Each structure stands twice: as structure tokens, then as C-alpha cells.
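Colleague: Which chain is which? The protein sequence lines are D and C, in order. If you read the first sequence in the numbering used here, its first letter stands for residue 1, the second for the next number, and so on. If you read the second sequence in the numbering used here, its first letter stands for residue 271, the second for the next number, and so on.
Treat the hints as calculated values from the structure; they're not laboratory data. Some clues are possibly wrong.
With a straight-line Cα cutoff of 35 Å, these simulated DSBU-like cross-link-like pairs (lysine-lysine) come out [to be verified]:
id: 1; chain 1: C; residue 1: Lys290; chain 2: D; residue 2: Lys179
id: 2; chain 1: C; residue 1: Lys497; chain 2: D; residue 2: Lys186
id: 3; chain 1: D; residue 1: Lys127; chain 2: D; residue 2: Lys99
id: 4; chain 1: D; residue 1: Lys257; chain 2: C; residue 2: Lys497
id: 5; chain 1: D; residue 1: Lys160; chain 2: D; residue 2: Lys257
id: 6; chain 1: D; residue 1: Lys99; chain 2: D; residue 2: Lys167
id: 7; chain 1: D; residue 1: Lys179; chain 2: D; residue 2: Lys257
id: 8; chain 1: C; residue 1: Lys497; chain 2: D; residue 2: Lys99
id: 9; chain 1: C; residue 1: Lys539; chain 2: D; residue 2: Lys127
id: 10; chain 1: C; residue 1: Lys290; chain 2: D; residue 2: Lys167
id: 11; chain 1: D; residue 1: Lys179; chain 2: D; residue 2: Lys99
id: 12; chain 1: D; residue 1: Lys160; chain 2: C; residue 2: Lys290
id: 13; chain 1: C; residue 1: Lys290; chain 2: D; residue 2: Lys99
id: 14; chain 1: D; residue 1: Lys179; chain 2: D; residue 2: Lys167
id: 15; chain 1: D; residue 1: Lys186; chain 2: D; residue 2: Lys257
id: 16; chain 1: D; residue 1: Lys186; chain 2: D; residue 2: Lys160
id: 17; chain 1: D; residue 1: Lys257; chain 2: D; residue 2: Lys99
id: 18; chain 1: D; residue 1: Lys186; chain 2: C; residue 2: Lys290
So these bits of chain C aren't anywhere near chain D, every CB distance computed over 12 Å [claimed, not checked]:
id: 19; residue: Arg289
id: 20; residue: Trp336
id: 21; residue: Gly338
id: 22; residue: Asp340
id: 23; residue: Met345
id: 24; residue: Glu349
Keep in mind that this is a model prediction, so the values were computed, not measured. By construction, the Cβ of each residue, glycine as well, lies at the ideal position given by its N, Cα and C atoms.
Take a look at the letters that make up each chain.
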Amino acid sequence: MRHYPRWPIHLILLVASFIMLVPFYWVLKTSVSGENIFTYPPNIIPRNPHLFYYVDVWYAIPFARYFLNSVIVSVLTIAANVIFNAMAGYALTRGFRGKNLVLMLFLSCMMVPFQATIIPAYLITGKLGLLDSYLGLALPQFSTIICIFVFKASFDAVPKSLIDAAKIDGLSEWRIIWKVMMPLAKSAMATNIILSFIWSWNNFLWPLIMTRSADMQTLPLGLSRFLSYQEDTTGALYAFCVMVLAPGILLFLLAQKEFIQGLTSGATKG
Amino acid sequence: MVTATVEAGRRHRSSFIARKTTRQAVLIWCFLAPSLLIFLLYRILPLAWNVILSFQAWSPLRPAVWIGFDNYDEMLTDEVFWQSLWNTLYIIGSAPIGIAIALALALLVNADIRGRDVYRTAIFLSYPLMTVAVAIIWRWMFDERVGLINYVARSLHLVDSPIQFLNSFTWALPSVIAANIWQMLGFYMIILLTGLQNIPGNLYEAAEIDGANAFRRFLRITLPLLKPSIFLCFVIGMLNSVTSFDLVYVMTGGGPGRATEILVTYIYKLGFVQTRFDYAAAVTVVFFIMLITIAWAANRFSGGNAGAVERD
Numbered sequence: 001m002r003h004y005p006r007w008p009i010h011l012i013l014l015v016a017s018f019i020m021l022v023p024f025y026w027v028l029k030t031s032v033s034g035e036n037i038f039t040y041p042p043n044i045i046p047r048n049p050h051l052f053y054y055v056d057v058w059y060a061i062p063f064a065r066y067f068l069n070s071v072i073v074s075v076l077t078i079a080a081n082v083i084f085n086a087m088a089g090y091a092l093t094r095g096f097r098g099k100n101l102v103l104m105l106f107l108s109c110m111m112v113p114f115q116a117t118i119i120p121a122y123l124i125t126g127k128l129g130l131l132d133s134y135l136g137l138a139l140p141q142f143s144t145i146i147c148i149f150v151f152k153a154s155f156d157a158v159p160k161s162l163i164d165a166a167k168i169d170g171l172s173e174w175r176i177i178w179k180v181m182m183p184l185a186k187s188a189m190a191t192n193i194i195l196s197f198i199w200s201w202n203n204f205l206w207p208l209i210m211t212r213s214a215d216m217q218t219l220p221l222g223l224s225r226f227l228s229y230q231e232d233t234t235g236a237l238y239a240f241c242v243m244v245l246a247p248g249i250l251l252f253l254l255a256q257k258e259f260i261q262g263l264t265s266g267a268t269k270g
Numbered sequence: 271m272v273t274a275t276v277e278a279g280r281r282h283r284s285s286f287i288a289r290k291t292t293r294q295a296v297l298i299w300c301f302l303a304p305s306l307l308i309f310l311l312y313r314i315l316p317l318a319w320n321v322i323l324s325f326q327a328w329s330p331l332r333p334a335v336w337i338g339f340d341n342y343d344e345m346l347t348d349e350v351f352w353q354s355l356w357n358t359l360y361i362i363g364s365a366p367i368g369i370a371i372a373l374a375l376a377l378l379v380n381a382d383i384r385g386r387d388v389y390r391t392a393i394f395l396s397y398p399l400m401t402v403a404v405a406i407i408w409r410w411m412f413d414e415r416v417g418l419i420n421y422v423a424r425s426l427h428l429v430d431s432p433i434q435f436l437n438s439f440t441w442a443l444p445s446v447i448a449a450n451i452w453q454m455l456g457f458y459m460i461i462l463l464t465g466l467q468n469i470p471g472n473l474y475e476a477a478e479i480d481g482a483n484a485f486r487r488f489l490r491i492t493l494p495l496l497k498p499s500i501f502l503c504f505v506i507g508m509l510n511s512v513t514s515f516d517l518v519y520v521m522t523g524g525g526p527g528r529a530t531e532i533l534v535t536y537i538y539k540l541g542f543v544q545t546r547f548d549y550a551a552a553v554t555v556v557f558f559i560m561l562i563t564i565a566w567a568a569n570r571f572s573g574g575n576a577g578a579v580e581r582d
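Start from the sequences, fold in the hints, and give me the full structure.
Modeller: Spelled out as C-alpha cells, the structure:
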């Protein structure tokens with residue numbers, strides 16, 4: 001095959017990776033030292049690193065409350081996504097009248113960014129009486145089209161004979177989904193869990209619009225409020241950032257394969 | 271006698287099958303119902319409601335009155351609207367920069383080199399992060415006194431005095447765009463990488479035998495076959511960057527002045543700060559028509575078959 005020197009590739013990729021990773025380092029460094037908030041030139045390596053700012057976050061704001069709210073909304077979203085998307089994905093593997101219409105509807109919904117619906121979405125949620133509630137926070141994300149297609153692709157790969165056999169054994173469609181299909185679609189399920197977690201965990205605009213009480217605020221809201229109170233005067237802001245980012249990064253590093261598979265298969269299919 | 275029984279049996283059987291298929295159809299629609307309901311409630315109905323609201327004068331305290339095109343007339347003379355429309359188009363126009371960088375990176379990490387998975391992870395890591403936190407990180411990077419970017423620029427003597435990136439009318443929008451590209455780069459790269467890996471290798475071998483050099487191979491094979499992936503990046507990038515509400519809200523709040531106001535932040539402010547839901551709905555309608563038009567144009571440009579779904 002072709003022979004070419006490898007080192008230029010490595011060099012460019014090293015520089016690119018460096019640029020991509022430097023902001024992480026910078027924020028991490030500030031969160032453990034905070035010294036260069038006031039001094040110039042900034043130190044590249046933190047002097048006297050400490051965890052004071054992390055403790056400070058805990059006492060300065062209701063971090064536990066924000067965290068709990070975020071977790072509740074995420075769990076609701078994940079549960080709904082796995083159940084509803086699996087059902088819809090299974091339905092789409094079958095032939096039925098109006099299937100093309102449903103596919104068309106799903107695909108056109110993908111072109112509607114949520115941000116273009118905020119005013120009526122707020123009014124609708126108000127009419128449902130769900131403003132400022134966990135259910136209202138999670139409801140718009142209860143089902144995602146990309147994830148439906150991820151399940152559909154995975155179910156399509158299950159041999160038809162297996163489903164027929166299950167039917168002959170007298171299993172209902174409902175039980176076929178949960179007892180036969182789901183165990184065979186573990187990676188699709190992982191993709192669903194990860195994607196819906198990330199989307200709900202990071203969501204900012206919707207909670208910003210529809211929460212009223214301080215008790216219902218999620219982590220991104222808490223972060224943006226903290227910024228508006230404190231501006232850039234404390235390293236605690238950056239400690240807060242690290243604490244908020246950590247779960248997402250950890251989950252991503254653990255399940256990178258499923259995450260990327262889901263994104264690419266969902267994006268290229270839909 | 272016997273034929274009659276068979277007839278009856280067959281009739282019974284066919285009605286049994288018919289009943290079974292209707293039952294199955296009902297079941298299938300039941301399975302689809304929750305998802306369909308959510309999409310109707312939060313995608314389709316809002317679109318329709320936006321259109322209706324845009325022709326009305328309405329606020330939560332007043333009854334709705336039909337006013338025809340008054341909201342749209344107001345937009346024509348609303349300078350903030352034009353400014354945010356322009357900024358939005360500016361962001362869309364900058365999407366190809368990110369895609370071009372991502373394409374270069376995708377070609378490199380597609381090469382057969384050691385440690386490419388590590389590079390991929392490093393470049394992709396910023397994509398799944400919470401955008402609010404990303405915005406705070408980049409505020410800090412762009413900080414005029416002690417931000418890293420100013421520090422590097424000053425150490426290299428590129429600038430004499432620090433640039434107030436986020437407070438400057440010239441620099442604020444490009445700074446937001448830079449942060450957005452930083453977050454989206456890995457995602458573009460992964461999409462393009464998948465596209466690259468779907469190109470059959472024997473095409474390259476044949477071209478090589480025919481004496482095509484690397485640059486020509488890229489121009490004649492890679493680029494045309496990658497068109498659908500590039501289109502996909504563009505559409506997703508457009509939907510994503512245009513809606514980068516979180517980034518603008520946290521980094522600049524739309525300022526200085528209205529220098530980084532985009533349509534989504536303007537819609538938010540109109541609706542939820544000034545409680546002008548009717549006018550905000552009209553702006554949303556224009557915003558949505560713009561998105562659809564650009565997506566349609568990009569689709570035509572890429573050959574019209576991109577984003578097609580396999581229907582079985």
C-alpha cells in the first residue's frame with residue numbers, strides 16, 4: 001500500500017487535540033486554585049491547589065437541590081424514552097396502513113427545532129397545568145425521533161423466525177417487545193439511555209422558560225444564576241462547572257461506543 | 271353438505287383473519303400513540319399555533335383580536351429583528367468553516383495510525399457537554415484581563431493591549447461562533463468519518479492504478495461521495511448553531527448592544543421578558559420559514575438525495 005510519513009499526521013492531530021482539551025484544563029485549574037482570577041500573567045500550573053471552592057459551592061447554593069431536580073427530570077426522561085421509543089420502533093418494523101404517513105410525520109418533526117416552538121409549548125404546558133412541575137420539565141423530551149430509529153434498526157435485525165416462534169408459543173405483542181426484542185437490543189437501549197440522559201441533563205432553554213420557583217431549578221439554571229450573582233469573582237463558579245460536567249464526561253467515556261453509534265446511525269438514517 | 275361446511279369454515283377463517291389484522295393494526299397504533307402524541311403536542315400543534323398567534327394581537331391578559339399582517343408589518347421596521355436575522359445568517363454562513371476543519375480532521379483520524387481512537391475521543395469530548403458550562407468556560411477563555419487567549423496573544427506579541435472579546439462589537443459574534451465550532455467539531459468529524467468509511471476502498475485502488483494522485487483522488491472520489499454526509503453536517507450544524515441559545519444567553523446575553531442577538535434569543539426576550547407572545551410568534555414563523563428554505567436549498571445543492579430514509 002501507500003507509504004507516507006506518519007509524523008505530520010500525528011503532529012496535526014496532537015495540536016488539534018491540545019486545542020480541544022486546553023479549555024478543560026483551564027477551567028479545572030481555576031477551580032482548584034482561582035489565583036489568576038486577580039493576577040496577571042496567569043500561572044499555567046496551579047500553585048497550592050485546594051478544594052476550598054468545591055466546598056464553597058456546596059454551601060453557597062442549594063447544589064443538592066439542583067442536582068436532585070436534574071436527576072429526577074433525567075430519570076423521568078430516560079424511562080419514558082426507553083419505553084415509548086421501543087414501542088414506536090417496534091411498530092415501525094411492522095407493515096401497516098399509514099406507515100409512510102407516520103414516517104413522513106417523524107421526519108418532518110425532526111426539522112422542527114424545539115426552539116422554534118417555545119411560545120406555544122409554554123402555553124400548551126400551561127393549559128395542561130404542568131408549569132413548574134417535574135412532569136412538565138420532562139414531557140417535551142419524552143420521545144425522540146433519532147432514538148426511535150435506533151430501536152427500529154436494531155429490531156429489524158432480529159430474525160423474523162424468532163418472532164414467529166414467540167407468537168406460536170402464544171406470547172402477546174406486548175410481551176414480544178419486552179421478553180424477546182429488548183434483550184436482543186441491548187446496545188440500542190444503551191444508546192437511548194445515554195442520548196436521552198445527555199439531552200435532558202444539558203437542557204437549558206425549556207427549564208428557563210417554565211420553572212417559576214427556585215425549588216424546581218435544574219443544574220444548568222443554577223449555573224447560569226450563579227454566574228449572574230457572582231460574575232467572575234470566585235473560583236467557585238468554575239468548581240460548579242466541573243461538578244456539573246463530570247457526570248456527562250464520565251458517562252460518555254464509559255459508553256462512548258454506544259453514544260457515537262447512536263448519533264451516527266440515527267443521524268444518517270433520519 | 272360437505273362444501274357448505276367448508277364454505278362456512280372458510281368464511282369463519284377469513285373473518286377470523288380479518289379480525290386478527292384489525293386487532294393488530296389497533297395494537298400497532300397503540301404502540302405508536304405515546305410518541306405520536308408527544309410530537310403532535312410539542313412539534314405540530316406549536317407550529318400551527320405559532321401561525322395563528324402571529325395574526326393576532328394577544329397577551330395573557332387581553333382577549334385575542336385578529337389583526338391580519340400587523341405583526342409582520344411591525345417586523346419590517348424593527349431594527350432589532352433585522353439585526354438578529356443578520357446575526358443568525360452570519361452564524362449559518364460560518365458553519366462551513368467548522369465543517370471544513372472537521373473534514374480535515376476526519377481524513378487524518380481515518381488514516382491507519384496508532385492511537386487514532388485517543389485522538390477521536392479527545393476531539394469529540396466537547397460535544398456531549400452541557401452548553402451552559404461550555405459558555406462559562408469560553409467566557410473565561412476570552413476574558414480580557416486574565417483569559418488564556420489574551421495571555422497567549424500578548425505573549426506572542428500579536429496584540430499590544432488585551433482585546434475585550436465579548437464586549438466588542440467586532441469580536442463578540444466571532445467569539446460565540448468560535449465556542450460553537452469548538453463544541454460541534456467532534457460531531458461533524460464523526461459524521462464525516464462514518465461517510466468516509468462507507469466509501470468502498472477499491473475505488474481508490476483503481477484510481478491509483480490509473481495514476482491519479484492523492485489530491486485528485488480526494489477531489490474526484492472522496493468529495494463527491496461524501497456530499498450526503500457534508501449536507502447532513504450542514505443541516506444539523508445549522509439547526510444546532512442557529513439555536514445556540516444557551517451559548518449566547520450565557521456568554522453575552524445578546525450584547526454588547528444587540529451585537530450577538532440571534533433570532534432565538536430575541537424570540538425569548540419578546541415572549542418571556544416583554545410578554546409579547548403575538549409578535550414573538552410572528553418572528554418565530556419567519557425564523558422557521560428561513561430554516562426550511564435553507565435546508566431545502568442545501569438539499570438541492572447536494573444533489574437532492576441526501577438524508578433519504580430507507581423505506582422498506
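Colleague: All hints, please: hold or fail.
Modeller: Hint by hint, here is what the structure shows:
1. Lys290(C) - Lys179(D): At roughly 22 Å apart (the allowed maximum being 35 Å), lysine 179(D) and lysine 290(C) satisfy the hint.
2. Lys497(C) - Lys186(D): 32 Å, holds
3. Lys127(D) - Lys99(D): Between lysine 127(D) and lysine 99(D) the Cα gap is close to 31 Å, so the pair holds against 35 Å.
4. Lys257(D) - Lys497(C): Answer holds: lysine 257(D) to lysine 497(C) is near 25 Å, not above 35 Å.
5. Lys160(D) - Lys257(D): The hint holds at about 27 Å.
6. Lys99(D) - Lys167(D): Holds, at roughly 22 Å.
7. Lys179(D) - Lys257(D): Within the cut-off at roughly 25 Å; holds.
8. Lys497(C) - Lys99(D): Given that 35 Å is the threshold and the Cα spacing comes to 29 Å, the pair holds.
9. Lys539(C) - Lys127(D): 22 Å, holds
10. Lys290(C) - Lys167(D): 13 Å, holds
11. Lys179(D) - Lys99(D): Status holds; Cα separation ~25 Å.
12. Lys160(D) - Lys290(C): Holds - the C-alpha atoms of lysine 290(C) and lysine 160(D) are around 19 Å apart, at most 35 Å.
13. Lys290(C) - Lys99(D): 18 Å, holds
14. Lys179(D) - Lys167(D): Holds - the C-alpha atoms of lysine 167(D) and lysine 179(D) are around 12 Å apart, at most 35 Å.
15. Lys186(D) - Lys257(D): Holds - the C-alpha atoms of lysine 257(D) and lysine 186(D) are around 13 Å apart, at most 35 Å.
16. Lys186(D) - Lys160(D): Roughly 18 Å separates the two Cα atoms, so the pair holds.
17. Lys257(D) - Lys99(D): 31 Å, holds
18. Lys186(D) - Lys290(C): 30 Å, holds
19. Arg289: With a cut-off of 12 Å, arginine 289(C) remains clear of chain D, as the shortest Cβ separation is near 15 Å.
20. Trp336: 18 Å, holds
21. Gly338: 19 Å, holds
22. Asp340: It holds; aspartate 340(C) is separated from chain D by about 17 Å at its closest Cβ, greater than 12 Å.
23. Met345: Holds, because the least Cβ-Cβ distance between methionine 345(C) and chain D comes to about 15 Å, which exceeds 12 Å.
24. Glu349: Glutamate 349(C) clear of chain D: closest Cβ-Cβ about 22 Å, beyond 12 Å.
The structure is consistent with each of the numbered hints, conforming to all of them.
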